[in-house]
Amino acid sequence: MLAYTLRRVAMLVPVLLGMSIIVFMIIHAIPGDPAVIILGQKATPEAIAELHASLGLNDPWYVQYFSYLKNIAGGDLGTSIQTKTAISKEIGPYLAATFELTVFSMLFAIFIGVNAGILSAWRRNSWFDYTAMLIALIGVSMPVFWLGLMEQWLFAQHLNWLPSIGRVNARDPVESISGFYVLDTILARRFDQLEDVFKHLVLPGIAMGTVPMAIIARITRAGMSEAMASEYIRTARSKGVHEFMVVYKHALKNAFIPILTVIGLQTGMLLGGAVLTETIFGWPGIGRYLYSAISARDYPVIQSGILVIAVIFVCINLVVDLLYAYFDPRIKHR
Amino acid sequence: MNPPILEVSRLRIDFSANQRPLSVIDDLDLTIREGELVGIVGESGSGKSITSLAVMGLVPSPPGKIESGEIRFKGEDLTKATPKRMRQLRGNEMSMIFQEPMTSLNPVFTIGDQIGESIRIHARVGKKEAKRLAVEALNRVGIPRAEEVIREYPHQLSGGMRQRVMIAIATVCNPSLLIADEPTTALDVTIQAQILDLLRSLNREAGTAIMLITHDLGVVAELCDKVIVMYAGQVVEEGDVRSILMHPKHPYTAALLESVPGRDADRERLISIPGSMPAPGTVTQGCRFASRCSYATGKCRERVPPLFEVGNDHVSRCWLNEAK
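Chains as they are written, first to last, in my numbering: chain A, 1 to 334; chain L, 1001 to 1324.
Since the hints were derived computationally from the structure, they do not count as laboratory data. Heads up, some of the hints might be wrong.
Said to hold, decoys possible - Computed far set for chain A versus chain L, every beta-carbon distance over 10 angstroms: (1) Leu147; (2) Gln157; (3) Ser230; (4) Val241; (5) Met269; (6) Tyr291.
What the hints assert, rightly or not - Straight-line distance between alpha carbons at most 27 angstroms, and here's what the computed DSS-like set of lysine-lysine pairs gives: (7) L:Lys1074 <-> L:Lys1084; (8) A:Lys253 <-> L:Lys1131; (9) L:Lys1080 <-> L:Lys1065; (10) A:Lys332 <-> A:Lys249; (11) L:Lys1127 <-> A:Lys253; (12) L:Lys1084 <-> L:Lys1065; (13) L:Lys1127 <-> L:Lys1084; (14) A:Lys249 <-> L:Lys1127; (15) A:Lys70 <-> A:Lys42; (16) A:Lys89 <-> A:Lys70; (17) L:Lys1131 <-> L:Lys1084; (18) L:Lys1084 <-> A:Lys253; (19) A:Lys253 <-> A:Lys199; (20) A:Lys70 <-> A:Lys84; (21) A:Lys249 <-> L:Lys1299; (22) A:Lys332 <-> L:Lys1080; (23) A:Lys249 <-> L:Lys1128; (24) A:Lys253 <-> L:Lys1128; (25) L:Lys1131 <-> A:Lys249.
Each residue gets a CB set at the ideal place from its N, CA and C atoms; glycine is no exception.
Excised from the complex, chain A in its bound form:
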């Protein structure tokens, strides 16, 4: 297992280098002078020359690339043009907000999706199977923004059960330590506030988790149908294993590889920032951070945001690969 882990981690190095090159090229791929783009058309020639010098734009491209590499390796992601603050400092809370929402959405998606898929496979062609797969089909086809708006209309406006906007009641802000409000409120022993934080998570969480849930349900059903027809399932039953364990232990562990792949991909996509969901629910996440940077042509933020998201994506893939080996021991022997 250790050798497999090291091999997988070593494979990250070329991937990360490749990513850094692409991200580095973004600013240079834009037609025109980056300094003019950053400062705007009305900038004075002096200001442009000054920015050229400070950004190192007069150096050859490989010198620029290596100094860029040196900066990001040291944790310097550049400075936002809009706010004039270090990006590495201001990106944290946005990431935390998106992370918290993603975890919540994916837990919802995995719990419902995997169980619905299992039940559908176990009772194939039953009314449960048909209903669940119809809901899954609607779930993957439904636009997320529409679902979000409908949720707000029904549960926030009409029934008044849940808040529709933000991470927490704005009149009682969370004293942020980690940026993860669930964790922060627990640490502060503010359990009333924890409840409020959870209430704020429900609607955006469901809106964002519905598509992953539907995909997971369909993949689980397919994998479990195949696994349940296997001969080792008959063996397990012939040993006197309880049907619940036959399904959730013997079959599920075998069927889990494709499910895990989907979970990894969907988590990566949600962490990349769901701009629509975050906008509808006023969620101060990475999606909205990048969206506002794009609107303001804040190139350093765009560049670093993409880099951070790409690194997160790669890390999730690493975790998924390591989990593959846990679920199917044949993988690490290849």
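Given chain A's structure and the hints, the job is docking chain L onto it.
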């Protein structure tokens, strides 16, 4: 004579296809006594595997259904047993090994986990004790370096080794009945002999009754005390292995014996039984073998033959044996 451990009587199993029930097992009777090694022989589709699954309570349902009859295991009627009771019996009092050792073991659990699971379901033992028993079971089935094998996965073992592991799983709780469904069909000839030896010693030493399902009469001749020949969901001949192999009383058994290669050295072509077995539900009257039988008469096509007593503990379902 030992008391019976398994008594199947008037068993009928239907499979529904397109809402129409088809009987795949019809009026089946068979008895296996304690410590006996019984061979069940027949072509593919004769109902031998489904009979064994019925005993284990593992007939896939739907589409299968035990329509009528009794399966008595140590006197208890299993057709009326609850799922919980069946789980207590399976893997403990009776267990089963299958044809395909390559796919019958779960690829994602270690050998130790898979043997240990059987132990921990049926006996209240801790993890350590289960591990010790698993190693012991592997030693018993002749697996070298058992201490290491329990940490390995099925794909790291050869086919013969996997079948040994299957036998270890099936016998770890010392069952009184072991059903072996073509346990050697998927294995090399040299490995086949080893597995058969292992089954024999299990039968002799532990006194486990074995129901050996096979289509290989050579295996039967070598191993079994008693033979049951099945055809199209019915028992057609049953008796002591010697008298059946030497003096078959049913044309089907005789034809099966004829088709064993190598019995007659100067014969060049392999002999086969002309025609094929009728599909379930297609024979509604008369003997099911009549269409392929060279001795068939008008009576055979009209009336179903009963089982005739043809010798000491030897019965045959053929009109030729009437009033002999």
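Now for the hints, and whether the structure bears them out:
1. Leu147: Holds, since 36 angstroms exceeds 10 angstroms.
2. Gln157: 48 angstroms, holds
3. Ser230: 7 angstroms, violated
4. Val241: 6 angstroms, violated
5. Met269: 28 angstroms, holds
6. Tyr291: The claim holds: Tyr291 of chain A sits with its nearest Cβ about 43 angstroms from chain L, beyond 10 angstroms.
7. L:Lys1074 <-> L:Lys1084: 17 angstroms, holds
8. A:Lys253 <-> L:Lys1131: Roughly 22 angstroms separates the two Cα atoms, so the pair holds.
9. L:Lys1080 <-> L:Lys1065: 13 angstroms, holds
10. A:Lys332 <-> A:Lys249: 21 angstroms, holds
11. L:Lys1127 <-> A:Lys253: Distance of about 21 angstroms is within 27 angstroms: holds.
12. L:Lys1084 <-> L:Lys1065: Between Lys1084 of chain L and Lys1065 of chain L the Cα gap is close to 18 angstroms, so the pair holds against 27 angstroms.
13. L:Lys1127 <-> L:Lys1084: Roughly 23 angstroms between the alpha carbons, so the hint for Lys1127 of chain L and Lys1084 of chain L holds.
14. A:Lys249 <-> L:Lys1127: It holds: about 18 angstroms lies between the C-alpha atoms, which stays within 27 angstroms.
15. A:Lys70 <-> A:Lys42: 32 angstroms, violated
16. A:Lys89 <-> A:Lys70: The given pair, whose Cα atoms are some 18 angstroms apart, holds under the 27 angstroms limit.
17. L:Lys1131 <-> L:Lys1084: Within the cut-off at roughly 25 angstroms; holds.
18. L:Lys1084 <-> A:Lys253: Holds - the C-alpha atoms of Lys253 of chain A and Lys1084 of chain L are around 24 angstroms apart, at most 27 angstroms.
19. A:Lys253 <-> A:Lys199: Measuring from Cα to Cα gives roughly 33 angstroms; hence the hint is violated.
20. A:Lys70 <-> A:Lys84: 21 angstroms, holds
21. A:Lys249 <-> L:Lys1299: Violated. Lys249 of chain A to Lys1299 of chain L sits at ~56 angstroms, over the 27 angstroms cutoff.
22. A:Lys332 <-> L:Lys1080: Violated, because 47 angstroms separates the two Cα atoms, which is more than 27 angstroms.
23. A:Lys249 <-> L:Lys1128: Distance ~21 angstroms between Lys249 of chain A and Lys1128 of chain L Cα, so the pair holds.
24. A:Lys253 <-> L:Lys1128: This hinted pair holds, its Cα atoms lying about 24 angstroms apart.
25. L:Lys1131 <-> A:Lys249: It holds: about 19 angstroms lies between the C-alpha atoms, which stays within 27 angstroms.
Of the hints listed earlier, those the structure fails to meet are numbers 3, 4, 15, 19, 21 and 22, in rising order.
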